[in-house]
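Visitor: The lines below spell out each chain.
Protein chains: 4
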Amino acid sequence: MLVEQDQTLIRALQECMIATNHCLNECLAEDESNMMIDCIRLDRECMEFCSNLEQAIIRQSPYAKELAELCLKVCEACAQECQKHDHKHCQYCAEICLQCMEACKTYLKK
Amino acid sequence: MLVEQDQTLIRALQECMIATNHCLNECLAEDESNMMIDCIRLDRECMEFCSNLEQAIIRQSPYAKELAELCLKVCEACAQECQKHDHKHCQYCAEICLQCMEACKTYLKK
Amino acid sequence: MLVEQDQTLIRALQECMIATNHCLNECLAEDESNMMIDCIRLDRECMEFCSNLEQAIIRQSPYAKELAELCLKVCEACAQECQKHDHKHCQYCAEICLQCMEACKTYLKK
Amino acid sequence: MLVEQDQTLIRALQECMIATNHCLNECLAEDESNMMIDCIRLDRECMEFCSNLEQAIIRQSPYAKELAELCLKVCEACAQECQKHDHKHCQYCAEICLQCMEACKTYLKK
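Protein chains in written order, with the numbering used here: chain B, 98 to 207; chain V, 98 to 207; chain Y, 98 to 207; chain H, 98 to 207.
In case anyone wonders, no lab produced these hints; they're calculated from the structure.
As the structure is a prediction and not an experimental result, all values here were calculated from the model.
Treat the hints with caution; some may be incorrect.
Since the list gives no way to pick out one identical chain from another, each pair is judged satisfied if it fits inside one copy or across any two copies.
[To be verified] Each computed DSBU-like pair below joins lysine-lysine, with the alpha-carbon atoms no more than 30 Å apart:
| # | residue 1 | residue 2 |
| --- | --- | --- |
| 1 | K170 | K207 |
| 2 | K185 | K207 |
| 3 | K170 | K206 |
| 4 | K202 | K162 |
| 5 | K170 | K185 |
| 6 | K207 | K162 |
| 7 | K170 | K181 |
| 8 | K202 | K181 |
The shape of chain B in the complex, shown without the other chains (with noise of 0.2 Å):
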């Protein structure tokens, strides 16, 4: 139903949900949160358009490249906040983030 390359996507951006949504959680938790308010936006960002691609993908969207154009740029930006930090979940979220936006590249050439 839906080819491999799709189904690879959506893990990608599902493992991208999981971690931004953990970092986020996290970060609220960490003694000096008020330094941490782009990385907590950032993420929640980063979730909800990891979710609306997702939503895309299984739709079978004809704008669904589109959207990966942008979810691309959102998961970036949320990785090089991240990369900022040295908490454990931002550089875990960091990491998985970039992992995204590969998946989201190769879905982009196919």
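Once you've looked at the hints, dock chains V, Y and H against the given chain B.
Guide: Same frame as chain B, but now just chains V, Y and H:
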């Protein structure tokens, strides 16, 4: 297309999504944002359930009433948490959540 | 909390979600519903992108404008398809999609 | 970050979203698509509730179980409708919906 009661509930849900998101953003920026974690989390829950219910009503889902009962419960929890805090955005959010609860109750009676 | 232009676009998106969902439901019930497949699919796409954009505006997402550009494109495709059909619900849906496009354009200029 | 039971349910929900969307698209293309209206509508409901639940689990929402109860009910209705039709996509969709129901039940027991 949508009956008046549906339109009324949709407007209440929309107000509630705007108020909870505003409260969430302002809580993140407060000095003692660690103390606002429960408020931030319930704002987010409330916004998501309002969004889910709005979509269900627009779809004319046969399960909209069951979702409205759950949304009502989430609005109530959010209102109760917000009422604990003196911040203007929390007090305002609590008020709007209470109005949304009333809109859900009216919808459930029809 | 939200500026007037955001509120105006939210109202237009909501109208558009209601109209596209109504058109989708009515198309399904038409005698020649096979001929309405493209209309049904674009109604669904349009409704989903309007919903995604509504949430992005409420979140005050830094990516709302880029999503608005994509939503505008989907509304245009939906309006063009609906205009091909004489059904009252298609003609009405086309009209509302055109209004939503205008609201997106105004929002993008700000 | 997410416990194994959450991950298992997320995979089941994803399978179910893919199957219901496939069934919906195929039903639209059937010769007698008018006879498939109930199936199309329930496919759409099922997909939306699975998506709502997936997001709630990823958020680690305190209301995820209540939403899982509702999702279980929608999956059941979709499975029952799909079972009435001989189309391969309907029979497959029914099977996947039943699996998703089991995943919801396991999740609710934890």
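Visitor: Run every hint past the structure and note whether it holds.
Guide: Evaluation of the provided hints:
1. K170 - K207: both (18 Å within a copy, 22 Å between copies)
2. K185 - K207: between (34 Å within a copy, 28 Å between copies)
3. K170 - K206: Both, since 16 Å and 22 Å are each at most 30 Å.
4. K202 - K162: both (10 Å within a copy, 22 Å between copies)
5. K170 - K185: within (23 Å within a copy, 35 Å between copies)
6. K207 - K162: both (10 Å within a copy, 27 Å between copies)
7. K170 - K181: Within. Shortest intra-copy distance 17 Å satisfies the 30 Å Cα cut-off; inter-copy 36 Å does not.
8. K202 - K181: within (24 Å within a copy, 36 Å between copies)
The structure shown violates none of the earlier numbered hints.
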